[in-house]
Amino acid sequence: MIKLIGIVIVVFGFVLKKDTIATVVTAGIVTGLVSGMNIIEVLDILGTTFTSQRLMTLFILTLPVIGISERYGLKQRAVELIKKTKKISVGGINIIYLALRQITSALSLRLGGHPQFVRPIINPMAQGAAIVAYKEIDQDDVDLIKASACAQDNYGNFFGQNLFLGAGGVLLIVGTFSDLGYSVDPLNIAIACIPSAILIFVLGTIQNILLDKKLKMKYTVKSSTKSK
Amino acid sequence: MNNFDNILLEIFYILIGLFFLYTGYRSFSDKNLKTRYGTGLFWTLLSGTFILGPYIDGYIVGIMIVIIAILTATKQVQISSIVPIDEKKAQIRSDRIGNKIFIPSILIAVFAFGIAQLKILSGTAAIGAAAVIAVIAVIAITKSNPKNIAVDGDRLVQSMGAVIILPQLLAALGTLFTSAGVGTVITEGISGIIPEENRLFGVVAYCVGMALFTIIMGNGFAAFSVVTAGVGIPFVIMQGGNPAIVGALGLTAGYCGTLLTPMAANFNIVPVALLEIRQKYSIIRYQAPVAILALIGHIVLMYFLAFN
Chain S
1 MIKLIGIVIV VFGFVLKKDT IATVVTAGIV TGLVSGMNII EVLDILGTTF TSQRLMTLFI
61 LTLPVIGISE RYGLKQRAVE LIKKTKKISV GGINIIYLAL RQITSALSLR LGGHPQFVRP
121 IINPMAQGAA IVAYKEIDQD DVDLIKASAC AQDNYGNFFG QNLFLGAGGV LLIVGTFSDL
181 GYSVDPLNIA IACIPSAILI FVLGTIQNIL LDKKLKMKYT VKSSTKSK
Chain C
1001 MNNFDNILLE IFYILIGLFF LYTGYRSFSD KNLKTRYGTG LFWTLLSGTF ILGPYIDGYI
1061 VGIMIVIIAI LTATKQVQIS SIVPIDEKKA QIRSDRIGNK IFIPSILIAV FAFGIAQLKI
1121 LSGTAAIGAA AVIAVIAVIA ITKSNPKNIA VDGDRLVQSM GAVIILPQLL AALGTLFTSA
1181 GVGTVITEGI SGIIPEENRL FGVVAYCVGM ALFTIIMGNG FAAFSVVTAG VGIPFVIMQG
1241 GNPAIVGALG LTAGYCGTLL TPMAANFNIV PVALLEIRQK YSIIRYQAPV AILALIGHIV
1301 LMYFLAFN
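Protein sequence lines correspond, in order, to chains S and C.
For the first sequence, our numbering begins at 1 and goes up steadily by one.
For the second sequence, our numbering begins at 1001 and goes up steadily by one.
Think of the hints as simulated: they come from the structure by calculation, not from any bench.
We treat Cβ as the ideally placed atom computed from N, Cα and C, and that holds for glycine.
A portion of the hints provided could be inaccurate.
To be verified - Simulated pairs of lysine-lysine, DSSO-like, Cα-Cα distance not exceeding 30 Å:
1. S:Lys84 with C:Lys1089
2. C:Lys1143 with S:Lys17
3. S:Lys216 with S:Lys135
4. C:Lys1034 with S:Lys17
5. C:Lys1280 with S:Lys214
6. S:Lys84 with C:Lys1075
7. S:Lys87 with C:Lys1088
8. C:Lys1088 with S:Lys213
9. C:Lys1089 with S:Lys135
10. C:Lys1280 with S:Lys18
11. C:Lys1088 with C:Lys1100
12. C:Lys1075 with S:Lys18
13. S:Lys84 with C:Lys1088
As the list claims (entries may be wrong) - Computed footprint of chain S on chain C; a stretch qualifies when at least three of its residues, placed anywhere within it, have a C-beta under 8 Å from a C-beta of chain S:
14. 1063 to 1077
15. 1097 to 1105
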């Protein structure tokens, strides 16, 4: 049981917001020591694995491409493309963003993000769509729409990124399995991620349709006399 | 993996090492950075592990990692002067270049996929090769000064910061756990609860275990190596599960947990403040039904796809 101390250290380190890297290194060293290895053996496993797992950091090579693209207007262009999609329902904007976030994550583009995209672009568009459709909505629904826009970013990000061969998650799977004695190829993992990407898109789409229905039910009575 | 792939990968690691070395050099020479020696040392040590790793004793790399951990724990690693993006210029360039700006990034994905699919190189070497091709493309399309390869590489490396090495460290942690027999302890604990050699129980235990560990740790990566060694391998893969499919769905089953936990503050709590939402757990509450249905969906997918 004492061997589980490493997990306890990781949990406490994360809960108490200690430095992540130091927490992980401490957890590893303590676990090794309590299970009877000497310090040199522990450091040796730590160092040897770190070297054999350099492939997990291979994504660094893609950073210059993304960085230069950003410098030459990648974000600005994406904003323009999204702005073309006017006069869509709240849920519709969310669905488009979800799809876009999944596709761009699959291409390893860092186009989304709450600070870069949801706050300045997606949320204002969704709020705008609600106002166009229902004139006025209460503060609870303003918050609900905000939360929904944030959720799309998480859905798309988490369940799109592993479609890219070089994603950190894919390389983590490759590395973990090779350590445990199984050889897997990043390509097969990326392909195996397609069903879960589709699953989350379907679930997200249903949730957005329900969101539109809910807003419509609540506000249509008030605005039914008004014609567009 | 053949020899040529390995040589190529080693070259890619040296390139990555050189990027880190450049960032280290920039940090050292940044007079305005209070922690320039600590930050510089961090990136230089990291560069050393990438370039020299295979040629020096493992424990020396281990010592370098311990120093790296001390540097991050004492907040020595800070962002030095990066070259920021000029938003106005970016807008003008965006109008000039148009949608072509997406091409290089798409090339990375397409080439990585194509090179791996055609078995010209292994999947991992293909990523590096695709990145090199895309760098040439991005320079050709933007007509940018090639020195931006270093400048923008440095900008992104620094903005991501020390956590860049986290996946690699978590893998090392996983290996230490495995050598120490942590997986065995978990496996024994679980075999008391679920019947062995039952695929469905195994899949449920693995997916739910991934989600629960991720909820507790707030990090799917950290959960993955432990839960895979302790549950995924003995209860799913040794029952005939395909490792690529089990691993892929196992990690995203963990991400269903990420949608549910305030521990993943960057995704679920910080945006609440950022968008000025009144209730702290609004995003988690909104995500909960999708997360739970997606987790059930992952169990179903793994059960039906992994054993073919």
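Taking the hints in turn, this is what the structure says about them:
1. S:Lys84 with C:Lys1089: Given pair S:Lys84, C:Lys1089 holds - Cα atoms ~22 Å apart, limit 30 Å.
2. C:Lys1143 with S:Lys17: violated, 44 Å
3. S:Lys216 with S:Lys135: holds, 12 Å
4. C:Lys1034 with S:Lys17: holds, 23 Å
5. C:Lys1280 with S:Lys214: Holds - the C-alpha atoms of S:Lys214 and C:Lys1280 are around 22 Å apart, at most 30 Å.
6. S:Lys84 with C:Lys1075: At roughly 44 Å apart (the allowed maximum being 30 Å), C:Lys1075 and S:Lys84 break the hint.
7. S:Lys87 with C:Lys1088: holds, 28 Å
8. C:Lys1088 with S:Lys213: violated, 40 Å
9. C:Lys1089 with S:Lys135: violated, 37 Å
10. C:Lys1280 with S:Lys18: At roughly 22 Å apart (the allowed maximum being 30 Å), S:Lys18 and C:Lys1280 satisfy the hint.
11. C:Lys1088 with C:Lys1100: Holds. C:Lys1088 to C:Lys1100 sits at ~19 Å (cutoff 30 Å).
12. C:Lys1075 with S:Lys18: holds, 11 Å
13. S:Lys84 with C:Lys1088: holds, 21 Å
14. 1063 to 1077: The restraint on the segment 1063 to 1077 of chain C holds, since 10 of its residues have a Cβ under 8 Å from chain S and three suffice.
15. 1097 to 1105: The restraint on the segment 1097 to 1105 of chain C holds, since 7 of its residues have a Cβ under 8 Å from chain S and three suffice.
The structure is inconsistent with the numbered hints 2, 6, 8, 9, although it conforms to all the rest.
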